[in-house]
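The residues making up each chain are set out below.
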Amino acid sequence: MFVSYKWLQQYVDLTNITAKELADRITKAGIEVESVEVRNKGIQGVVIGHVLEREQHPNADKLSKCFVDIGEGEPVQIICGAPNVAKGQKVAVAKVGAVLPGNFKIKRAKLRGEESNGMICSLQELGVESKLVPKEYADGIFVFPSDAPVGADALELLYLDDEVLELSLTPNRADCLSMIGVAYEVAAILGRSVKLPAIELHENSESVHDYISVRVDTPKDNPLYVGRIVKNVKIGPSPLWMQARLMAAGIRPHNNVVDITNYILLEYGQPLHAFDYDRLGSKEIVVRRAKAGETIVTLDDVERTLTEEHLVITNGKEPVALAGVMGGANSEVCDKTVNVFIEAAYFNGATIRQAVKDHGLRSESSTRFEKGIDPARTKEALDRAAMLMAEYAGGEVIGGVVEVNTLQRKDVVVTITLDRINNVLGTTITKEEVAGILTNLQFTFTEENGTFTITVPSRRRDIAIEEDIIEEVARLYGYDNLPATLPVGEAKPGKLTPYQAKRRKVRRYLEDAGLFQAITYSLTNEAKATMFALETAEPIRLALPMSEERSVLRQSLVPHLLEAASYNRARQVENVALYEIGSVYLANGEHELPNEKERLAGVLTGVWHAHVWQGEKKAVDFYVAKGILDGLFALLGLENRVEYKQAKREHLHPGRTADMLLDGKTIGFIAQLHPIVQKQFDLKETYVFELDLEVLLKAEVDNIRYTAIPRFPSITRDIALVVDEHVVAGELQKAIIEAGGELLKDVSIFDVYKGDRLPEGKKSIAFALRYYDPERTLTDEEVTNVHEQVIKAVEQQFGATLRG
Amino acid sequence: MKERLQQLQQEALEKIEQANDLKALNDVRVAYLGKKGPITEVLRGMGALSPEERPVMGALVNEVREVIQTALEARQATLEQAEVEKKLAAEAIDVTLPGRPIRRGNHHPLTRVIEEIEDLFIGMGYTIAEGPEVEKDYYNFEALNLPKGHPARDMQDSFYITEEILLRTHTSPVQARTMEKHQGRGPVKIICPGKVYRRDNDDATHSHQFTQIEGLVVDEHIRMSDLKGTLREFARKMFGEDRDIRFRPSFFPFTEPSVEVDVSCANCGGHGCSVCKGTGWIEILGAGMVHPNVLEMAGFDSKKYTGFAFGMGPERIAMLKYGIDDIRHFYQNDVRFLQQFNRV
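Taken in sequence, the protein lines are chains A and B.
So the first sequence is numbered by our numbering: it starts at 1 and just counts up by one.
So the second sequence is numbered by our numbering: it starts at 1 and just counts up by one.
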């Protein structure tokens with residue numbers, strides 16, 4: 001909503017308060033003033049001139065030589081390039097010495113040999129936006145009404161000395177979509193009164209009912225419809241002040257009748273529509289839902305196909321307006337219009353919203369209907385429009401109003417105690433202060449023993465309950481005056497849940513292990529949605545995606561981590577280690593919410609560790625990634641419960657993929673990316689993992705219990721076992737541990753060899769076995785006994801031989 | 001004989017002093033104190049002395065031996081010390097060469113901000129509530145006083161999956177769910193961080209996915225001044241002890257009264273600068289008193305209970321705190337961006 005400071009003064013006294021100050025006060029009281037536009041863009045010395053003579057410039061076809069009276073002695077000669085300049089016009093003249101926007105100084109000049117002492121200005125040259133300039137003056141100078149006083153300040157007449165406040169309205173404050181509504185708000189803030197516009201209507205002796213009848217078929221869509229007829233109007237320009245105010249509010253002037261409807265829309269917030277009565281094609285108005293497939297050509301000359309969801313104004317046969325949104329071209333007021341039917345109605349917001357949405361057509365009118373107008377002012381607005389048409393279009397107002405009124409309006413009455421106000425706000429506001437605020441708001445109320453009974457004016461449709469009144473009091477009392485306290489009452493310590501606490505530890509661990517935390521998008525495309533997923537389900541697709549790339553919810557975090565790695569690689573960041581903790585979404589039937597499962601995933605590529613001047617450089621490989629996960633399992637106390645199993649999964653390297661099992665159940669995978677997929681993502685050798693974080697974090701783990709520090713020496717024996725190359729180390733190790741019994745405390749692998757010194761198809765794995773008894777020093781013999789059992793066991797189970 | 005001893009002592013001390021390494025020193029020891037050395041010789045010659053002279057001379061011999069022995073030890077210590085120093089000098093390294101780097105990742109800046117806020121409110125007695133990102137229309141809108149047909153819940157603004165299920169547009173549904181779980185009994189004191197989704201085109205200031213943190217306190221006698229005090233506490237801990245806050249009236253369907261909350265600009269201290277666009281204040285929160293409809297729908301008696309709620313955007317806070325200029329950075333995961341948040 002654009003509010004002209006100058007226009008606002010018609011309704012509320014703004015003495016001693018500048019536009020800027022007013023803007024600050026309005027903002028502080030709850031409606032944000034986004035900007036205060038100073039309309040004068042640096043103009044000085046532009047006055048009204050009277051074109052006494054106009055001749056063709058002797059040396060230029062497109063220039064005119066004008067003699068203009070500017071109210072200062074002799075008329076001055078001005079060369080003008082506007083095609084529409086003519087003798088007798090009142091025009092805006094930038095005098096010699098004047099300044100136009102952009103610090104453009106007007107000097108005495110010679111144009112094609114003819115002297116020019118000033119410049120006749122178009123509105124654009126005075127800083128008015130082209131889209132606001134009346135069409136007839138779009139390509140030339142602006143012509144003022146003939147009564148414009150010569151020598152007067154043109155800016156003042158055009159309201160270009162004005163300042164415009166742009167209000168950013170929250171949806172509850174539709175009351176401020178009108179000058180009168182803003183006036184009430186400003187009056188409440190400043191503690192001043194509101195002057196409402198005068199309505200003096202002279203009706204003739206005819207009856208409107210002889211001219212027109214109205215029927216509303218769907219009263220729910222249109223609870224109130226009133227109309228008047230003004231006959232014998234003369235279409236012409238509206239008064240300058242009205243045009244100026246419309247332009248200040250961002251509306252282009254058209255003609256007196258249309259301008260008056262727009263003016264009332266701005267003044268009252270009540271949209272009106274003027275029909276050319278003689279072009280209506282009947283003497284009846286029927287408001288009804290459109291028939292499916294019915295069409296209407298609207299004012300913008302677009303043919304629109306309607307559905308049963310759209311409300312139309314018809315002449316009993318065909319639509320003449322898309323109700324509340326835009327009039328029809330067939331009944332539009334034009335230069336030849338003589339008799340006007342003015343419609344003022346209250347349409348249901350939801351109905352109008354539907355039409356706006358379906359036709360992509362939002363207008364000043366529809367915006368107000370959508371947000372809700374004050375039906376108590378509908379008739380008043382109609383009367384004032386009729387009055388203005390009589391006054392400024394020379395019309396004659398036919399007696400009476402046609403009306404269909406099914407409104408059921410009840411006054412909203414709110415009762416609230418002073419205590420309640422203070423208890424909710426934490427304030428000590430007095431009864432008198434509350435009464436003062438309600439008075440300034442012009443709410444009628446009674447007060448008895450601290451209980452206020454308030455009748456809410458119909459313009460404030462946002463106020464219905466106690467809390468609304470509390471808000472009114474608070475905002476006008478001033479939030480700066482609100483004390484700052486802390487809640488009193490039972491104090492309980494806040495803390496993280498065990499899950500949340502563990503999750504934080506996991507993050508820290510992974511970061512300290514060298515991975516950066518990534519956050520990627522949950523929405524992806526159909527193909528990526530199920531890639532790498534530990535569990536898959538029917539993809540969950542958005543009803544109305546913005547792009548195919550963001551249309552389906554992900555089932556794995558890996559694809560977007562790969563994209564992130566790829567994004568980095570494309571920017572010369574070759575060494576990437578990222579992890580993400582986030583949800584995947586698994587459908588659970590159409591009517592149920594999906595299962596959201598928290599996953600942990602990672603991507604590693606490039607060099608893992610480099611210390612170049614000491615000759616250290618280690619590329620990421622499977623075991624780098626695995627080591628990080630081993631550490632994670634150890635952190636969570638699960639290291640002995642997790643097992644890696646060779647696996648095959650789609651998109652992953654068939655020989656370098658492992659599933660991870662916790663207590664025998666699969667909880668994730670770790671793998672090298674399949675070279676084909678690697679290429680798709682434009683990556684080099686890359687490793688990925690994904691784990692079911694919830695299972696990991698919810699696994700029950702014993703508390704830490706101290707075990708005694710070894711007091712006796714341990715004995716370590718190494719063995720190198722030659723086995724078939726398909727035997728995996730984990731199995732061997734398991735067998736060793738089993739055979740080693742209680743005394744075997746620790747088994748570690750220190751060498752793996754495959755090559756020339758062994759037979760084809762064989763490999764050797766070397767283990768270090770540490771034996772220890774917490775009660776005593778072991779003898780060599782005891783250890784040898786156990787050790788031989790170990791060797792026997794692996795010989796039997798794997799055909800292992802000791803490497804010589 | 002006595003003269004001979006004194007002469008030997010003199011000679012030995014000189015040679016000890018001249019010995020430049022441990023081997024030379026050992027030669028001196030062998031030469032003077034060895035079995036074939038001159039002092040041993042003197043001792044052998046003692047047989048020729050009278051019984052009265054023998055003890056006197058014996059004592060003198062021991063004295064000389066002791067002097068030489070002490071000198072030898074002292075010299076040995078000095079030489080050993082020199083040898084160690086020489087060895088260490090040879091072992092000197094260039095301490096300015098780079099150390100073996102420790103590879104270290106770090107929190108995403110949003111997590112950094114979110115955890116800081118979480119900890120701050122945990123310190124004030126809050127717990128952290130989480131809820132689903134794919135949410136029922138009921139919890140996302142209806143339970144928050146946004147009935148069907150409300151302009152603020154246009155299809156165009158939300159990612160719907162079916163008519164009843166959508167990606168949550170704010171973290172407020174967690175409030176509704178938590179209140180419901182409390183079955184009408186307070187106190188409720190939670191903050192809810194999480195991802196939210198809106199139908200926006202991604203650009204420098206918009207992201208179709210972003211994060212939010214909401215807070216909710218419901219109890220008997222909760223006042224709007226408590227909201228102000230709580231948020232002032234938050235602002236000071238988050239942005240600096242000399243920060244102040246102000247409330248500006250606003251509108252949200254789920255709170256009444258509703259306010260927008262500004263924090264005095266940390267960059268200029270409130271005098272006005274480019275960060276705060278000259279106003280001295282930066283908007284960081286929306287807040288208000290929980291709307292009675294919201295309380296009632298969640299099973300709380302709005303005559304008995306009041307509450308406040310607030311919501312903020314970690315992206316915005318991170319952008320302010322770290323001077324980040326484009327919201328897309330948070331979701332591109334450029335390592336050169338992420339690694340800037342690697343220290344205290």
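Everything labelled a hint here was simulated from the structure, so no lab data went into it.
No residue lacks a Cβ here, since even glycine has one placed at the ideal position from N, Cα and C.
Treat each hint with caution, since some may be false.
[What the hints assert, rightly or not] Keeping only pairs whose Cα atoms sit at most 27 Å apart, straight-line, the calculated DSSO-like set for lysine-lysine is: (1) B:Lys181 to A:Lys597; (2) A:Lys528 to B:Lys277; (3) A:Lys28 to B:Lys181; (4) B:Lys181 to A:Lys698.
[To be verified] Quick look at which bits of chain B chain A covers, simulated, 3 or more residues with Cβ under 8 Å: (5) 57 to 63; (6) 110 to 123; (7) 186 to 197; (8) 201 to 215; (9) 243 to 252; (10) 288 to 302; (11) 329 to 339.
[As the list claims (entries may be wrong)] If the Cβ cut is set under 7 Å, some of the chain A residues that face chain B in the computed set are: (12) Val150; (13) Ala152; (14) Thr430; (15) Gly478; (16) Leu482; (17) Ala484; (18) Pro498; (19) Arg503; (20) Lys505; (21) Phe516; (22) Thr536; (23) Pro539; (24) Ala543; (25) Leu593; (26) Asn595; (27) Glu596.
*Classify the hint on threonine 430 (chain A) as holds or violated, based on whether any CB of chain B lies nearer than 7 Å to its CB.*
violated (17 Å)
*Closer than 8 Å, Cβ to Cβ, for at least three residues: run that test on the stretch 201 to 215 of chain B against chain A and report holds or violated.*
Since 3 is at least three, the answer is holds.
_Does lysine 597 (chain A) sit within 27 Å of lysine 181 (chain B), going by the straight-line distance between their CA atoms?_
Holds, at roughly 21 Å.
*Restraint check, 7 Å cut-off on beta carbons, for proline 498 (chain A) near chain B*: violated (12 Å)
*Taking the closest Cβ pair, is phenylalanine 516 (chain A) under 7 Å from chain B?*
holds (4 Å)
*Taking 8 Å as the C-beta cutoff, is the stated coverage of the stretch 57 to 63 of chain B by chain A satisfied by three or more residues?*
Coverage by chain A is violated here, the residue count being 0 at a Cβ distance below 8 Å.
*Taking a Cβ-Cβ distance under 8 Å as contact, does the stretch 288 to 302 of chain B have three or more residues in contact with chain A?*
With 3 residues closer than 8 Å to chain A, the stretch 288 to 302 of chain B meets the three-residue bar; holds.
_Checking hints one by one. Is arginine 503 (chain A) an interface residue toward chain B, by the C-beta closer than 7 Å rule?_
violated (10 Å)
*Per the CB criterion, is glycine 478 (chain A) less than 7 Å away from chain B?*
With Cβ-Cβ at 9 Å, over 7 Å, it is violated.
*Interface hint outcome for asparagine 595 (chain A) [beta carbon to chain B under 7 Å]*: At about 9 Å, which exceeds the 7 Å cut-off, the nearest Cβ of chain B leaves the hint on asparagine 595 (chain A) violated.
*Using Cβ atoms only, decide whether alanine 152 (chain A) comes closer than 7 Å to chain B, and label the hint accordingly.*
violated (37 Å)
*Would you check the hint for lysine 28 (chain A) and lysine 181 (chain B), treating anything up to 27 Å between C-alpha atoms as holding?*
violated (37 Å)
Hint compliance for this structure: hints 2, 3, 5, 12, 13, 14, 15, 18, 19, 20, 22, 23, 26 are broken, all remaining hints hold.
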